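Participant: Chains as they are written, first to last, in our numbering: chain A, 1 to 501; chain B, 1 to 323; chain C, 1 to 328; chain D, 1 to 350; chain E, 1 to 295.
Derived from the structure by calculation, the hints contain no laboratory data.
The model shown is predicted, which means the values in this text are computed figures rather than measured ones.
Glycine residues also receive a C-beta, built at the ideal position from the N, C-alpha and C atoms.
Watch out, some of these pointers could steer you wrong.
[Said to hold, decoys possible] Which chain E residues face chain D? A few, computed with CB under 8 Å, are given here:
1) Ile29
2) Ala44
3) Asn47
4) Tyr186
5) Gly194
6) Arg286
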Amino acid sequence: ADLTIGRASEQSSIDPQFSRTGNNQMTSTMFFDRLVNFDENLQVSPGLAESWTNEDETTWTLKLREGVTFHDGSPFTAADVVYSLERADEVPNSPAPYTDMVSSVASVEAVDDLTVKITTNVPNPALMEDIGRVFIISKAAAEGKTSEDFNAPATAVGTGPYILDEWRVGETLTMHANEAYWGTVPEFNEVEIRFISNDAARVAALLSGAVDVIDAVPPQDVTRLEGTDGINVFSTPSGRVIYLGLSMRGDQAPAVTDLAGNPLEENPFKDARVRKAISLMIDRQLIVDRILGGSGVPAGQLVPDALGGHNPDVAPDAVDVEQAKALLAEAGYPDGFGLTLYSSNDRFPGDGDIVQALGQMLARGGLKVNGVEALPYSVYSKAASAGDYGAFVFSLGSSTPTSAPNLQALLGTYDKEAGKGAFNRVRFSSEAFDAALADALQEFDEEARLTKLRDATALVFEETPIVPLYWQKVHWGLKDGLTIDAGLSEQTLPQKITSTE
Amino acid sequence: MTVFILRRVLQAILVLLITSLVVFLGVYAIGDPLEILLPADASMAERAQVAESLNLNDPLPVQYWTFISSAVQGDFGRSFVYNRPALDVIFERLPATLELVTTSLILSLVIGIPLGLIAGVKPRSLTDESIMTGSILGFSLPNFWQGMMLIMIFAVWLGWLPSTGRGETGTFLGLRTSYATWDGFVHLILPATNLALAQIALVIRLTRTGVQETMPLDFVKYARARGIGEGRILFVHVLKTILIPIVTVLGIEFGSLIAFAVVTETIFAWPGVGKLIIDSIKMLDRPVVVAYILVITAMFIVINLVVDVLYSLLDPRIRGRAQ
Amino acid sequence: MTEALLEVRGLRTWFETPRGTVRAVDGVDLTVGRGEILGLVGESGSGKSITGFSLLGLVDPPGRVIEGEIRFHGEDLRAASPRRLRDLRGNRIAMIFQDPMMTLNPVLRIGTQMIETVQAHARVSKAEARAMARDALGQVGIPHPDERIDAYPHEFSGGMRQRVAIAIALLHKPDLIIADEPTTALDVTIQSQILSEMQALTRDMGLGMIWISHDLGVVGQLAHKMAVMYAGRIVERGSVDEVLDTPRHPYTRGLIDSLPMENDRGQPLRQIPGNAPPPLNRPEGCPFRPRCAHATDACLAEPEETGTPDRAWRCFHPLGSRLTEVPA
Amino acid sequence: MTAPMIEVSNVTRHFRRKPDLAERLAMRAGLASPPPTVHALDGVSLSIDRGEVVGLVGESGCGKSTLGRIVAGMLPVTSGTVSREGRDIATLRGAEERAMRLATQIIFQDPMSSLNPRKKVVDIIGEAPRLHGLAERRDVRATVEGLMAQVGLDPAMIDRYPHQFSGGQRQRIGIARALAVNPDFLICDESIAALDVSIQAQVINLLVKLRQDLSLTLLFISHDLSVVRYISDRVVIMYLGRVVETAPTDRIFAAARHPYTQALLEEIPRIDRRGHRFSSVKGEIPSPVNPPQGCHFHPRCPLAMDRCRVERPVLTKASPDHAVACHLDGGTGRPLTNAGVKTGDLTPTS
Amino acid sequence: MSLLRPESMASRILRGLLTSPKATIAAVICVVLVVSAVFAPLIAPQNPYDLTEIDFFDAKLPPMSEGYTGMTYVLGTDGQGRDMLSAMLYGLRTSLAVGVTAGVLAMLVGTALGLLAAYRGGWIDTFVMRFVDLMLGFPTILVALMILVVFGQGVDKVILALVFVQWAYFARAVRATALIEAGKEYAEAARCLGIPAWRIMFGHILPNCLPPLIVIGTIQVASAIAAEATLSFLGIGLPITEPSLGLLIANGYQVMLAGLYWMSVYPGLLLLALVFCVNIVGDRLREILNPRLAQ
Ligand SMILES: Nc1ncnc2c1ncn2[C@@H]1O[C@H](COP(=O)(O)OP(=O)(O)OP(=O)(O)O)[C@@H](O)[C@H]1O
Ligand SMILES: Nc1ncnc2c1ncn2[C@@H]1O[C@H](COP(=O)(O)OP(=O)(O)OP(=O)(O)O)[C@@H](O)[C@H]1O
Ligand SMILES: [Mg+2]
Ligand SMILES: [Mg+2]
């Protein structure tokens, strides 16, 4: 192989519409294209659709790129787009379907070979962002095939920069470059991706020269790799925010006690002053420096500055133990109260360590830390969603150009019917914020929408609905002479790896 | 013999039934697959759709009944993650694990028995002491640590051996095996050694103890009294006698090897079923977990059966009883 | 008189244990001629079996032959190399162990064990060795030797296993057989069968034999000469008739008296008072002294062997030649 | 006359593994044959009077120990009954059963394996009386010391472990353990086989003394005929699961009638018989798994007739206290003449 | 026959140990380790479990560094700023507790079931042995995860998981020996004397099954400690704020490649020393208790 990549996680299928987890999208991006491209800051640019226009609020016309061919040589046409968009929400047994992406689409029709007309059931200014996430597959190759069939080259026919050779489950994914690619033909022809889930093993593989590139370099190894001859580390901030959630769910918070260790009568986290106080106890920079070896950026809101909706005025809280104590006293807890902190231990780098560090900091800030528990994600996630934890560390990644979906899911008032606040595990609720966000989401003007989002962000973080800690940085380790063009997407794509000379 | 096998089959069915129930309940208790399968920004509608398509909305007894009734027909359900028949997912990876496990079993016999014999013949000699001391190293340090050391030394520092993946494989008698190519073989060395270290230690200890306890027996003395050479006494009389406990223990250990392969496979990125199972447990991919455990338990039952048959081959006294 | 096949002089085999030295065999003299059966009797633990093992150089550590001379056909076995000893064992000198149930390897076929014995000493093909083994089985009266040779030891009855042991002993037509209580647990008809086998062998093949037993009746009927052991030493020896009819050592006498006789019914048996001395803590001088009715201060010294080479005893107060003279 | 102490009537005992479900299925399907049956006892009848010493003789594996265990109530019978003082022991329950159990004790063949190597003498002997309330906890030591003295062991050795005793002493521990629960019936299963003559004499003397002092009833299992002759009032001879002859001791030794008994007597080793020429018995000892038809002894019997090969001889009284199972002489065997039957004659007849 | 003064078990073992210099040294080290584990709170410079006592500023310091608070960290600090020496002492305490408790509990359960199976035979035997098969087939991780879910995290839960997995070994081993012992005449004699079955099993047969139990026991204690480390490595072991030796190794392992060797090498060496000594003592014990091998 011309290029060997050690990758931490493996896709569950090559069918690009089977699951939209980050892993699967990453793999799909190698073999398939979408109607639009998302740049490194997740902003939209033309892809297989060269241009698009609104006839009215619910009718869109898409002009498709000309002269694009599939891996098998057949031309790409409007029929493939229609087929792909229609299939997107009906892949059988999909664990993470693209349903939401096409939920606003009422109908898709091919006007001619290179024109598609889309009608939506509600006005959706973000339609291209939505359907733009769906990968386009070849109708001829895929019709009548199952997701499983995609695991072989005969069905996995796309228009992407690489052509699938073989997927050995749990082991390797091999491919070669698509010489007829409509965009830039990738530099490396033969590429092998090895799946090495263990961090240390992946690093060792790079050190021993078995692979040329690895992704997800664990933060603690960054310094070591940087200091090794022949190896470079490439880092970028990601859109993933790590935060501390303080549950406002019931009248009593789980595992929150008075100083004697008895359950506390009321839920202190319902008081914004308490939440703010806790935020003030945390030295975000210290966590980033000491635990992550610099692999993070202190956060005070949901998305980093590269994404739409980031409000530069909402700064991360700086440590101020005095003020924190004052706020606690004001809220009626001059001597603090007791709490247990929870976290996963296998979800993102350093998660077990961070929660311990938080424990230390809250203890210094005047709270009584009864314990710190780090659990496997499989166990943790269920309990966290069920509201079993009072104070817990969680993360949320961003795969959209703006903060809107995340604001909606994380901080919007929980409403099962309307499908809002799906990840509002702390059950924060503010009418003012809900209204501001709804207003922003209906704004068709790009600039005005972003301004409204920034204002909504400022509004909601006044109340410290969650305690943002930091945005994660991601690292790649590469052999000398290679460079990767990654961006916020956290993706390790062979087409984005180039030689420096 | 027929009776013997029939009896085991009846018992096996019962064991498998209980196992499936326990695992089913266990995985259910651990967590909610939806939490893990769905991407972070999934909506309620998507959630409901997935729950529906994976049959996760049914009450647990119904889910179990559905599982059992199709399992009887050989259908163990489809993996939540891969959307492929759970058995396919497992059998695709099982050969790699079996290759690894078998290789380390062979390694442990080939290295362990001779060392154990040498140590046992002259107990308390210098050779014995060094072999025994070395063997303690084998099982006192955690497996993952030993694995890392092997990688550090042989892959990173010395650069002699590859440390990740399975390498080139070839087919031999229709099986994909690492033995078919040199590259594959080299890839096998480190992981197999890692897995074998503890077993080697165990075999050494068993063999040594066996030799030490067999040598004073009357039949050894009698063999000497008949003028039989020491070599024959050791390799025929003593070895055949002590193979029984060794075979028993290795039969048990086969199971723990497969279990420990989880760690080795993770560290060496070996595409085996161990890595699959730990991922599946983490992803709460219940059909795969249940099918995996059932396959392993069934394998275990077969191994025990083989061990019992081996027993009777090794010890004629048992032959009458076992059959 | 027969020529000496085996001569043992002053044999001492001691076990060094952490608690002290066990003098299991402590100065034993023996002579066995061609065609001669020597009966060796004595109390349990007196060193009979260890004597046998010492002759073959098979004493297990921590035991060791400390001193003494073992001459077989005039050759000093103690000085023999391990190789030479291995050549002799099973070939010129054979031993039948105390409990043949335990001595055959349970996991190997009878045939395998016989063939390996043949091949250990003779350059013959496997087929020839097998034929020899089969003939030997036939010779000791195992029916259908052709089939039985492939059986495992556990498939044989006790009596049959005993006969296998004899057959193995005979494979190479040895000059000397050491038979260690091979009939202890058998009923008399089967015992008689084995004894007749042994008798025929000594008579027809002229081999010498040491027959270790505690059954005075068997020794009386089978052996030509006998020796009585007590606490590691031979306390009395001579022809069977002499020793049984006119015992000179009080221990021998005590043994004979302990046997229940036809006219004893209703009267208590005469037992030797006391118990055998613990091997680690033997009294000074004559070890039988604490149990002996005739003991005097003289017995505090070590008794030397007195008598002729063919009839001797170790006692300061030997009994008279007529039984009636001895006080009960 | 009252009922005898022990009455064994027509007891049969087969050892046969019970087939389990799988085996039954396989048998039903014709894939397996039923597991082999060992005919350990085959219609044995026997009675023992109170205070009597009965010697039980027979070759190895003929069912002596099995009979002993059945009489002691430790093994159930396949068919037939064992009664103790007129009551069928199989029908006893609860306290009565326990009392019967305790009143019958066995002294085992191998003194070492019948003593727990990890228990002190005081526990070995004292455990049962304490459990059964025969001795108070604090009196146990005294009780044990008393028992030890009774069997001629130095009570000072009360805290020792079995391995610290000699064979004869161990045998006495076994006896003391049995006596500790006040039995009136003792079964000695080859209790002296492994001992050398001087120790053998000690144990026999002890048994005889106990019999006199405590009026014990004894079933004395042995293959040593001189000892049996010395100790027992009556002798029972067994061959392959059946009683072949029973008579008062003197009669057996003077006028045995069954060919097997005669062969046994012929082969008793005696020290007053020197330079004897042993003669070889031909013919295999038949196995209890597959016993021969008719008289079990016929393959080895020099006098076997056609009838012996097909018809089982019943135990017939040759005189009021002498019963024989042999077709000769009208079903009473042939009296032992001076010449007797020599083992040499015992050649297979077919 | 030897009629020497009876020797007590303790003195026999002690004498046996003392005759071997190697075993003596190992035993002394074991005692030292156990004592320092028990008295860890008194010896350790720091309470590594108390979040207010450890300082984040001192994280990842190499051995012999002086920390922010002026304290010298002889063996360095871990990623949280814990003094490694203290963490190891406390960790040893936990590991010993886990290893010994799990070993002993598994031994009790396994022994009881193995004895029952051997003594009673029949369907009980079949049932227990098939159950053993079942247990041996179950991956430790799955058991640990289930227990974690049902009962939560903690030392006691890890012990429970280990016992769950290990008892089967003991059951097998005990059954094998007990089958032989139960056939001996002393067991029959006890039945004849009307001694209740449970008493025969536990009072008579069990003591004679001890020697193999000791061997398996010592090995299982070691493997319980190692297994706990592996569980911690997989993230389903002990609470991270109360690291055991195994957890320290597993944590340190993550930063091995980054050159922070002290975080896993020192606890590794300590674990090695412990297991080493336990095994030497165990080996010797087996020899002492086997009359054939004791010299
Ligand atoms: N390995 C050993 N270590 C210490 N003493 C031993 C050892 N082997 C045997 N002895 C002792 O040697 C003495 C002689 O034993 P030997 O087996 O020769 O007796 P024996 O006369 O054959 O007795 P038996 O009639 O019971 O077979 C005994 O006191 C025994 O305790
Ligand atoms: N539990 C059992 N299962 C199967 N067969 C048995 C059992 N117990 C005894 N037997 C068989 O029953 C027959 C009689 O055995 P028993 O022990 O009563 O003989 P014995 O006369 O006491 O022999 P020995 O003189 O050797 O002690 C033997 O063939 C034996 O193999
Ligand atoms: Mg002996
Ligand atoms: Mg018997």
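Participant: Please go over all the hints and tell whether each is borne out by the structure.
Facilitator: Structure-based check of all given hints:
Residue-level restraint check for Ile29 (chain E) is violated (minimum Cβ-Cβ distance to chain D is 30 Å; threshold 8 Å). For the restraint placing Ala44 (chain E) at the interface with chain D, the shortest Cβ-Cβ distance is roughly 42 Å, beyond the 8 Å limit, so the hint is violated. The beta carbon of Asn47 (chain E) is not positioned within 8 Å of any beta carbon in chain D (closest approach about 45 Å), and the interface hint is therefore violated. The criterion of a C-beta within 8 Å of any C-beta in chain D is met by Tyr186 (chain E), whose closest approach is roughly 4 Å, and the hint holds.
A least Cβ separation of about 5 Å between Gly194 (chain E) and chain D falls short of the 8 Å threshold, and the interface hint therefore holds. Against a cut-off of 8 Å between C-beta atoms, the interface hint on Arg286 (chain E) is violated, since the closest Cβ of chain D lies about 16 Å away.
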